[in-house]
Amino acid sequence: MQQTVTQEEYFNRQIQLWGSSVQQSLQKKKIAVIGAGGLGCSLAMALGTSGIGEIHMVDFDTVSDHNIHRQIAFTLEDEGKNKAKTVVQLMKKKNPFLKSAAFEMDFEAFTTMGNEYDLILDATDNLPTRAQIDKFAKETETPWIYASVEEFNGQVCFFEASSFQVFNLSDHKPGGITAPIVMHIASLQANLALRYLAGLPVVKDKLYYLYFNGEGELVTQKFEMPKANIE
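For the sequence shown, the residue numbers in the numbering used here are 1 to 231.
Don't read these hints as lab results, they were simulated from the structure. All residues carry an ideal CB built from backbone N, CA and C; glycine is no exception. Don't take each hint at face value.
As the list claims (entries may be wrong) - Pair by pair, the computed Cβ-Cβ distance ranges are: (1) Met113 with Tyr211: 24 to 30 Å; (2) Gly175 with Gln221: 17 to 23 Å; (3) Ala109 with Gly175: 45 to 51 Å; (4) Gly114 with Ala161: 32 to 38 Å; (5) Ala131 with Pro180: 42 to 48 Å.
Stated by the list, open to error - The list that follows gives simulated cross-link-like pairs (lysine to any residue, SDA-like), each with its CA atoms no further than 25 Å apart: (6) Lys204 with Glu215; (7) Lys138 with Ala109; (8) Lys30 with Glu151; (9) Lys92 with Glu79; (10) Lys28 with Thr62; (11) Lys30 with Lys206; (12) Lys99 with Pro128; (13) Lys92 with Ile15; (14) Lys30 with Gly53; (15) Lys30 with Phe60; (16) Lys94 with Gly114; (17) Lys135 with Phe167; (18) Lys94 with Lys204; (19) Lys92 with Thr62; (20) Lys94 with Ser64; (21) Lys81 with Lys99; (22) Lys28 with Ser64; (23) Lys30 with Glu8; (24) Lys94 with Ile72; (25) Lys206 with Glu141; (26) Lys135 with Gly80; (27) Lys206 with Glu151; (28) Lys138 with Leu200; (29) Lys94 with Glu141.
Using the sequences plus the hints, can you model the full thing?
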């Protein structure tokens, strides 16, 4: 038998952090997560239970057995299922106050839907799609958060006024990825998103690059991103 829970009980720890009014303001926010793989799964788990009112997951791909070690929303029983739909089902089971929808399509098709968002989160695995996200975000004046992972390193940037075009837009495929770095980078991405949506200060247009050096020390470097040329 399902137990009835109130929002005050469910979000108790966050209400202790920033008060009821901020928590209630999150219910009015709407975000899109582009990609429901490794980063997307972790973002869904981190933000799906945060109190954000509406989350849209976008992914045309299906679950494969080689995905599951780093895509924490899936089990072996989910093989062959659409990733976005599977993640949405799990989020709804975890949070009764969330409105969520799955879009089983690529990003280009998604841009024709006409939806508006407070924030877009990149959870894709290729630079050309991220360039499309940046173009769409600039055209719709929507901020977005970029993230990527490879091996034991990753990078995150909150894009608002800066240009994504400084990246080499080749369709680079990572040689390998550890599961913990995926969750680590997604956690940074989710924290930036939640702070922004809650109205807390966020550093924008600065790239965070995190990696483990040869001695196993976690290093964080920061780079100012150049401004975009808007015609």
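- prompt: Is Lys92 close enough to Glu79, meaning Cα to Cα at most 25 Å?
  reply: Status holds; Cα separation ~20 Å.
query: Is the hinted pair Lys138 and Ala109 satisfied, with a Cα-Cα distance of at most 25 Å?
result: Roughly 17 Å separates the two Cα atoms, so the pair holds.
- prompt: Does the alpha-carbon distance linking Lys94 and Ser64 stay inside the 25 Å limit?
  reply: Given pair Lys94, Ser64 holds - Cα atoms ~23 Å apart, limit 25 Å.
- prompt: Is it true that the CA of Lys94 sits at most 25 Å from the CA of Glu141?
  reply: Violated: Lys94 and Glu141 sit about 31 Å apart, past 25 Å.
message: Checking one constraint from the list: CA of Lys138 to CA of Leu200, max 25 Å. Satisfied?
response: holds (22 Å)
field: Pair hint Lys30 and Lys206, alpha-carbon separation not exceeding 25 Å
entry: holds (24 Å)
task: Mind checking the hinted window 17 to 23 Å against the Cβ distance between Gly175 and Gln221?
output: For Gly175 and Gln221 the Cβ distance comes to about 21 Å; the hint holds.
message: Check whether the Cα positions of Lys28 and Thr62 lie no farther apart than 25 Å.
response: violated (30 Å)
message: Next pair to validate is Lys30 with Glu151; report whether the Cα-Cα distance is within 25 Å.
response: violated (32 Å)
message: Need the status of pair Lys94, Ile72: alpha-carbon distance at most 25 Å?
response: holds (14 Å)
message: For Lys30 and Glu8, compute the direct alpha-carbon distance and say whether it is at most 25 Å.
response: holds (20 Å)
- prompt: Is the gap between the beta carbons of Gly114 and Ala161 within 32 to 38 Å?
  reply: violated (24 Å)
Consistency note: the structure conflicts with the earlier hints numbered 1, 3, 4, 5, 6, 8, 10, 12, 16, 18, 22, 26 and 29.
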